[in-house]
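Visitor: Chains Z, V and U are the protein sequences, given in the same order.
Numbering-wise, this note's numbering puts 132 at position 132 of the first sequence, and it's gapless, one number per residue.
Numbering-wise, this note's numbering puts 158 at position 158 of the second sequence, and it's gapless, one number per residue.
Numbering-wise, this note's numbering puts 394 at position 394 of the third sequence, and it's gapless, one number per residue.
Please note that a few of the clues may not be correct.
[To be verified] Under the rule of at most 30 Å between Cα atoms (straight-line distance), these lysine-lysine pairs were calculated in the BS3-like manner: (1) V/Lys140 x U/Lys288; (2) U/Lys288 x V/Lys398; (3) V/Lys119 x U/Lys379; (4) V/Lys68 x V/Lys325.
For the record, the hints were derived by calculation from the structure and aren't laboratory data.
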Amino acid sequence: MSAVLEVQGLSKSFGGVQAVDDVSFTVEPGEFLALIGPNGAGKTTCFNMLNGYLRPDAGSVKLRGQELIGTPPRKIWRMGVGRTFQITETFLSMTVRENVQMALISHHRRIYDIFSRATRLYVDEANALLDLVSMRDQSARPCSELAYGDLKRLELAIALAHRPALLLMDEPTAGMAPSERIALMALTAGIVEREGVSVVFTEHDMDVVFAHAHRILVLNRGMLIAEGSGAEIRANPTVQEVYLGGGTVFQKEADHA
Amino acid sequence: MTLFRRTVLGALAALPLAALPLTASAQETIVLGEVNSYTRLPAFLEPYKKGWELAVEQINAEGGVLGKQLEVISRDDTGDPATAIRIAEELVSKDGAVLIFGTFLSNIGLAVADFAKQKQVLFLASEPLSDALVWSSGNKYTYRLRPSTHMQAAMLAEQAAKLDAVTWATVAPNYAYGQDAVEAFKRELTKLKPDVEFVEEQWPPVFKIDAGSTVRALEQSKPDAIYNVTFGGDLAKFVREGSLRYLFEDRDVVSLLTGEPEYLDPLGNETPEGWIVTGYPSMAIDTEAHDAFETAYMEKWGEKPKTGSIVGYNSILSIKAALEKAGATDTEALLQAMEGLEVPSSPTGPFMFRAADHQSTMGAYVGKTGLVDGEPAMIDWFYADGADYLPSEEEAAKLRPAE
Amino acid sequence: MGFYLAQLLTGLANASSLFLIASGLSIIFGVTRIVNFAHGSFYMVGAYMSYTLVTLWSGSILGYWGGVILAAAAVGLIGLVIEMTILRRIYRAPELFQLVATFGVVLIFQDLTQAVWGAEDLLGPRAPGLDSAVRIFGEPIPEYDLALIAIGPAVLLAIWLVFHRTRWGVLVRAATQDREMVGALGVNQAWLFSAAFVLGAFLAGLGGALQIPREAVSLQMDLSIIGEAFVVVVIGGMGSVTGAFVAAVLISVLNAFAILIFPQVSIVLPFVVMAVVLIVRPYGLFGKPGSEHGAPVEPEQPLTLMGQKGLMVMIAAVFVLALSPLAVADFTTILLVDVMVATLFAVSLHFMMGVGGMVSFGHAAYFGVGAYAAAMGVKYFGLGMVPSMALAPFCAAAAALFFGWFCVRLSGVYLAMLTLAAAQILWGVTFQWQDFTGGDDGILGVWPAQWASSDRVYFYIAFVLCIGGIWLLRRAAHSPFGYTLRGVRDSRTRAEAIGVDTRFHQWMGFTLAGTLAGLAGVVFAFSKGSVFPDTLGIALSIDGLIMVLLGGIHALAGPIYGAVAFVMIEDWVTRLDYWRFIFGAIILVVVLLAPDGIAGGVHRLVRMIRGGKA
């Protein structure tokens, strides 16, 4: 089976600083791919080029063979790319279920409908998605009342609403308690497996990365410096050198887990 | 929504059964409806109100009209034509007013005039100056008291023609009144003195004049004379900036309404000398009728009458004359009475309402500005009878739309 | 050469006056995020006080400048009282709600000033020692203008020093840039806000006080300056004092030269400049992203569909309204038509502001276009009433489509001010283009067709159109379209990430709101029989804004409560003497009792009654 996402020679510089430099990789169907690197390595820049918020200086991003460069984020979404944000972005003035319903309404291309009642549309589908992230019992609550961890799960449900082929998750566990992080990523991994979605995520928490990622890409100063399974990355001396200035932290993180 | 629909249909079906409006019970008084922009233009309308209040008081003390007392229900239109219409409706249909009078701003005057036509009620426009009110937008139900823009501009043009000035600059607030005033002056002056030339015109926004720049722009054209239409706060700014920059040195200035105490008094000791103006020399008028009015007014209000006072006072005198001539209070009778209605005596002298164009022949005073004992005043003035500055009735009738 | 220099100096002198008032407005907005309508009142009161003091001590240089400073200080004190007794209690209210309170203050000050100083314009003395002109290149330049030209930059420098050299100033700048941070720094926020408000009021008072030698003090001073002051603040960038200075110079100098070429231009020039600046620079000349929004507030509660009981109450209310002409006199049906028109107008504005998050200071533009289109349809094109009624909302839609395209590119106060610019430009064109629009003499004789001319029949026409329009907008608010609009308001990023073309969606929302405002304008035109440029004017836009905010922006019923209350109270209160004072006081009482608007107050009342039963 061919790759879901093909990234070729992606580059971007800001005022002379090369933020992302000739990055290439592919994502296979059902793959759970982590993008890691120290602060300022270019992860977020890279991410924003994948989902259309930034236009690269050079390179190509192809989703199932279709070029994404120059396509606005909303169209990329329509082509089957879901996303979650580092700081959650939800509709705070709506209920939990309505947030999911909105994604469904948009997916079914009914956002210009001015006569139906939005809150009565796609209720069953929304409930099913909320079941998937174990949020069904909170479906009628105002989104503004949710705990942060619940917001993250809600975002996941929203991102899955249009049955995406690829899910982009920017720091999915940022701002969460350690125990919640593991739970959220376990949930995500389970869904990925069942639904056959590919996932690209960036992450700071190495526990999360090593526990779930099928493959890991390491960025440093905009360049891809290593690629491989958890074990390979742990063992990679270049990664240890540039990323951590020594191997000990990996070890510590592992111990900590 | 079916219920909603039924509601509407039900209501519409019930329509023919609706009760007729309650007929007014026999009245002890004759109710006059009055509407004006009291909060928008208090400086001009306070004297006006005092004027008509005085007249009503005097008439009632003498036994009223047609054996009944006059009662004025006066309302503030907040300066909004739409509100004025709503109030006019209420005055007529709820308060039982036999006619409407008042208004100051031309657009409100026009709106109420149009309302009067639609609702078939007599409207005496006391203050608005717009020519359209009796000419291009004139109607059967609307009469106007105060000398119009055209009349006052013509009075000034007559004086301006006697000057040596050939090149003229004009400055007027940028709205219908200013535009009408400039157009009328140009037309009348050119008629009397075809060789005049208008070299510059300035149109500052009303009550927002950038006086310094406007004065400079006028100065740049080096006119022999200036025709000014600005008033109120704009006038004070214009006078101050103009005299600071020597704009008025060796130059004739002809200025509309500036002799009215409402506009002249605030200038204080900076009143320019020798401007040719229309206005109202108030305390200096020495006719029997005016003296009586002046004394009564001073006694009641403790201040000298202003132009508004005269307009308010004469409004009630006109209404009294109309009621007496009609002998009734229904609109048809009043309309008939208004045609050619003569008001034999008023503080400003006799005047009448022309049948052809519904304009009164009440005049204005023309003179020069100056300081008398340090106080601003009109000097060398004379009373210009409005009848002399109106087109003939035949010509005027042609200016009105066909009924 | 001398002539142009003189014209430039005149422009600069005007710029100083304008800068003083605008700088205060900008500081107040920057720190407290209050859109202060009362700023013009501060300016006016400063002028009146200074008139009194300067006249009292006339002739002496010390007396003049002492009087000016004292007047400005007194206005600062008035600002303090207003901030502490009113505004401080409502900082947590929804965005822009404080504007309603300042509107109440404007009304109160109009009557107070008239009561204290009288209705007649007052011309104060000239400044001693600066009462004549000097010749520069042969051109006379008033000395006082030169003094003003010096005072403007001096005040700018003083503000700059305060902001950069004092701890308080640093905090003010921090608060302007990032409000959360101030709380984090452990600063006494109440104190900071009071001080900023006092400084702003002082500057406005100073601006007014310094006008004494230039113009007669009048009761129109407040409203004649406030629009331009806002324009200057926005062109400069909200919260930027330097920006305000540059903008004041730009506007004043441009005006001084423009009137040489095109004398009529003054009425729209500032707004045209603002529109151009905002289209090119969405945050003004010196503004920064993030400077456009008010204080962060509690998110709105989710919408709920009306319950059985609510539906019954509403149907009953509509039913009573429908039957009212049978029970009441004709003039009351006319008042009710006004109420319905105002309600549809307010609901359409709320659809844009509340549902769409796009605040408009110029919504009357579409109301007016609707009214004018209907009037022209009847008078110029000989269409009947019904075809005109059908056509006119589409003209409003076209106008909204055109201006909306520019407006949705901005957000917050900048968007609001661009809507104002659009409305003012339309107003200016309507006002000036006499041959086509009748200028300010308007279009007369726009009465309903013969069959509809009775007050009662017209009531039912208005009823069907207005209630229909309100129903449509309510329906739209609950629809996917309206939900998406709220979604864009809540989080543009999220909306984009679920496939919404956010700008296009806002544009359509803007257009829908404009179309229904146009419908309100149509009903209005035939009920009044004439249309004037006022129907596009600022006053009507502001009335709509007050109705929406006073009613409660966070509830769909808010604008309905707001409009009904506003029109009814105004109709009643204008019968009284000093009605502006009373109206202002009523507004302040409502604002203080219900900081979440009438709808919030009603909601709490209902809950309390139910709670009492339980």
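Visitor: Take the hints in turn and mark each one as holding or not.
Guide: Status of the hints after comparison with the structure:
1. Restraint check for V/Lys140 and U/Lys288: not satisfied, since their Cα atoms lie roughly 61 Å apart, outside the 30 Å limit.
2. For the hint linking U/Lys288 to V/Lys398, the alpha-carbon distance of about 62 Å lies beyond 30 Å, and the restraint is violated.
3. A distance of roughly 19 Å separates the Cα atoms of V/Lys119 and U/Lys379; the hinted pair therefore holds under the 30 Å criterion.
4. For the hint pairing V/Lys68 with V/Lys325, the CA-to-CA distance comes to about 15 Å; that is within 30 Å, so the pair holds.
In the structure shown, a violation is registered for the earlier hints numbered 1, 2, in ascending order.
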